[in-house]
Amino acid sequence: MSYLVDEKGYYGAFGGAYIPEMLYPNVEELRQNYLSIMESEEFQEEFRQLLRDYVGRPTPLFEAQRLSEKYGARIFLKREDLCHTGAHKVNNTVGQILMAQRLGKKKIIAETGAGQHGVATATVCALMGMECIVYMGEIDMERQRPNVERMKILGAQVVPATSGSKTLKDATNEAMRHWINNPSDTHYIIGSVVGPHPYPDMVARFQAVISEEIRWQLEKQTGSQAPDYVVACVGGGSNAAGAYYHYLEDPEVKLIAVEAGGLGVDSGKSAATTRLGRSGVLHGSKTLLMQTEDGQVTEPYSISAGLDYPGIGPMHAHLFTSGRGEFLDVTDEDAMKAGIELSRLEGIIPAIESAHAFAVLDRLSLERDDVVVINLSGRGDKDLETYIKWGKY
Amino acid sequence: METQELDKNRINRLFREKGNDLLSVYYTAGFPGPEDTMEIARLLEEAGADIIEIGMPFSDPVADGPTIQASNNQALKNGMSIARLLSGLRNMREQISLPVILMGYINPVLQYGVEKFCSECEQAGVDGLILPDLPMAEYLQEYKQIFDNHGLKNVFLITPQTSEERIRQIDDNTDGFIYMVSSAATTGAKKGFSDEQLEYFERIRSMQLQNPLLIGFGISDHSTYSKANEYARGAIIGSAFIRLLSETEDKERDIKKFIKEIKGRS
Ligand SMILES: Cc1ncc(COP(=O)(O)O)c(C=O)c1O
Numbered sequence: 001m002s003y004l005v006d007e008k009g010y011y012g013a014f015g016g017a018y019i020p021e022m023l024y025p026n027v028e029e030l031r032q033n034y035l036s037i038m039e040s041e042e043f044q045e046e047f048r049q050l051l052r053d054y055v056g057r058p059t060p061l062f063e064a065q066r067l068s069e070k071y072g073a074r075i076f077l078k079r080e081d082l083c084h085t086g087a088h089k090v091n092n093t094v095g096q097i098l099m100a101q102r103l104g105k106k107k108i109i110a111e112t113g114a115g116q117h118g119v120a121t122a123t124v125c126a127l128m129g130m131e132c133i134v135y136m137g138e139i140d141m142e143r144q145r146p147n148v149e150r151m152k153i154l155g156a157q158v159v160p161a162t163s164g165s166k167t168l169k170d171a172t173n174e175a176m177r178h179w180i181n182n183p184s185d186t187h188y189i190i191g192s193v194v195g196p197h198p199y200p201d202m203v204a205r206f207q208a209v210i211s212e213e214i215r216w217q218l219e220k221q222t223g224s225q226a227p228d229y230v231v232a233c234v235g236g237g238s239n240a241a242g243a244y245y246h247y248l249e250d251p252e253v254k255l256i257a258v259e260a261g262g263l264g265v266d267s268g269k270s271a272a273t274t275r276l277g278r279s280g281v282l283h284g285s286k287t288l289l290m291q292t293e294d295g296q297v298t299e300p301y302s303i304s305a306g307l308d309y310p311g312i313g314p315m316h317a318h319l320f321t322s323g324r325g326e327f328l329d330v331t332d333e334d335a336m337k338a339g340i341e342l343s344r345l346e347g348i349i350p351a352i353e354s355a356h357a358f359a360v361l362d363r364l365s366l367e368r369d370d371v372v373v374i375n376l377s378g379r380g381d382k383d384l385e386t387y388i389k390w391g392k393y
Numbered sequence: 001m002e003t004q005e006l007d008k009n010r011i012n013r014l015f016r017e018k019g020n021d022l023l024s025v026y027y028t029a030g031f032p033g034p035e036d037t038m039e040i041a042r043l044l045e046e047a048g049a050d051i052i053e054i055g056m057p058f059s060d061p062v063a064d065g066p067t068i069q070a071s072n073n074q075a076l077k078n079g080m081s082i083a084r085l086l087s088g089l090r091n092m093r094e095q096i097s098l099p100v101i102l103m104g105y106i107n108p109v110l111q112y113g114v115e116k117f118c119s120e121c122e123q124a125g126v127d128g129l130i131l132p133d134l135p136m137a138e139y140l141q142e143y144k145q146i147f148d149n150h151g152l153k154n155v156f157l158i159t160p161q162t163s164e165e166r167i168r169q170i171d172d173n174t175d176g177f178i179y180m181v182s183s184a185a186t187t188g189a190k191k192g193f194s195d196e197q198l199e200y201f202e203r204i205r206s207m208q209l210q211n212p213l214l215i216g217f218g219i220s221d222h223s224t225y226s227k228a229n230e231y232a233r234g235a236i237i238g239s240a241f242i243r244l245l246s247e248t249e250d251k252e253r254d255i256k257k258f259i260k261e262i263k264g265r266s
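Going down the list, the protein sequences come from chains A and B. Per this note's numbering, residue 1 is the first one in the first sequence, and the count goes up by one each step. Per this note's numbering, residue 1 is the first one in the second sequence, and the count goes up by one each step.
Keep in mind the hints are simulated off the structure, nothing from the lab. Among the hints, erroneous ones may be present.
[Said to hold, decoys possible] Some chain B residues close to chain A (C-beta under 7 Å, calculated; not the full set): (1) SER59; (2) ASP60; (3) VAL62; (4) ALA63; (5) THR67; (6) GLY79; (7) ILE106; (8) ASN107; (9) GLN111; (10) GLY113; (11) PRO135; (12) LEU157; (13) ASP172; (14) GLY188; (15) GLN210.
[What the hints assert, rightly or not] Simulated coverage check for chain A against chain B, where a stretch passes if three residues somewhere in it have a Cβ under 8 Å from a Cβ of chain B: (16) 11 to 22; (17) 113 to 120; (18) 174 to 183; (19) 282 to 295.
Computed from a predicted structure; not experimentally measured. Every residue, glycine too, gets a C-beta built ideally from N, C-alpha and C.
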């Protein structure tokens, strides 16, 4: 079985491009060109150079001794938190801005939840001198205020999304509406492995640099390119897609995906899509989706803005239904505790999104010589206020 | 024989029998009140509309502007759903004879079950469907047969950015009408058409498509309606009508007046 996209844009039963005709020309233009652009030597050279000199790649693979000791395994942290702008999101925005330039686009729009993707987009727009508009849910603007200010400092316009739950889903709706209204000179930089084909595949390829590096870094440190586990949090699923990418076809490597349980899966306040969702269509792809019996998308909830989304990328829906990936969920409370624990044990304050991934360590029935790679997708600077409010440290 | 076949569908009959200046009116099911849907349809028929488009509300209507978004939200709050809509339309054909089209996003239809949905549409006397986020390739592969079996016309959208090749492909794969979106935009009433839009209308008209064209998005008054009718068989009005529905205190009087003003009959 393949876990990558097929020529029709599907991952098993999931994916496709369910978009209104108004978006078709743009998405089709991208579909026809993205592979040849990405694979061209000229593109790769510029992409790699920016990842190295601007983003600061390769990011370290750090063996976390005290965490390893506590959980009884060899635990390695892939330090995406050390990327410029503080999260893995920038790998994708660097790729997509180069793509936008080659498609002749002049303006950039994006949606953002935690604000990390918004900041990463505003950053590359500043770098390339392109106009940037970021849609962000009103609630997220409050809980991720520092990122709102960062975007503004970088010269981006931040537009509040005031419909629905006023979070990531609604910001995505607004970004799509903007694109419908401005089809010719604008590129939409989607921030995760969601959206109509080819977005999930394109974003996964840009993020694949994460597992590409893990392979050689792990070999240097352990003698083997393949760990026993790769663990990542899943909002839309881009950091997970990047961390899994080069291990998808290697069944020995267990892929652990961690969703936001919110106040608990049965509490009505959760974003654990694989537990609560079923197949449906949102934002251009068929995927697992939290929805009512009538097919209305339900409002998700998570303490972390970046995981507060009612769907997951189609690639992950396929990993889940095929059994290739194991999906776990973690409550707000457990994620916060895991974040504090990582801070105390390793001196690293993680983004609350990333903290979710750490909270499953005690559920993996690990053996001493198991090698676990956790994708530390971002740093916690943006979340200080949430940590402070939570207060239990 | 073939003519008879075609004419079984009210959409085909309308375009065969009536001339130009057709007016199709969109409104959202369950808006403004949960039980208003059939009454509005009746009033539209009485007032002289030619096609009725009933929107099936969705939580995330990405192709719609603020007015229709708000009506979707209100309708959902009022408890509208596909099940409720279809059961409300069950005796529709005892009350109205105009062609009726249901318009909505694909997800609620998928969850209801495509076969069940289409079969109940047929029973109610629905003539066509507009599902903007159902891609053509998917439609042809998985849905067309079901739609055809139940006598439902699938209406495709075209926009100023749609390539000639794709327009031809759309024209070859439908036999109801083509919904010509007047500009690169989400739904919403605007004032007047630009020269660029008129050039686009002219470009499409000169393609001499087999299917009749209706122009929609941004039609708000008599002047945009009649301008659209210089290039197409008719026009579709949505947001402006939704606005009327949210303001009116006397539906019967105001819907009559609205249609009369749009059509410019005195
Ligand atoms: C640090 C961090 N990790 C994870 C995510 C979740 O996104 P994804 O699942 O696409 O990696 C976000 C999103 O904002 C984030 O900021």
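Hint by hint, here is what the structure shows:
no.: 1; hint: SER59; result: 4 Å, holds
no.: 2; hint: ASP60; result: 5 Å, holds
no.: 3; hint: VAL62; result: 5 Å, holds
no.: 4; hint: ALA63; result: 4 Å, holds
no.: 5; hint: THR67; result: 13 Å, violated
no.: 6; hint: GLY79; result: 10 Å, violated
no.: 7; hint: ILE106; result: 5 Å, holds
no.: 8; hint: ASN107; result: 5 Å, holds
no.: 9; hint: GLN111; result: 3 Å, holds
no.: 10; hint: GLY113; result: 10 Å, violated
no.: 11; hint: PRO135; result: 6 Å, holds
no.: 12; hint: LEU157; result: 4 Å, holds
no.: 13; hint: ASP172; result: 16 Å, violated
no.: 14; hint: GLY188; result: 9 Å, violated
no.: 15; hint: GLN210; result: 18 Å, violated
no.: 16; hint: 11 to 22; result: holds (count 7)
no.: 17; hint: 113 to 120; result: violated (count 0)
no.: 18; hint: 174 to 183; result: holds (count 6)
no.: 19; hint: 282 to 295; result: holds (count 8)
Of the hints listed earlier, those the structure fails to meet are numbers 5, 6, 10, 13, 14, 15, 17, in rising order.
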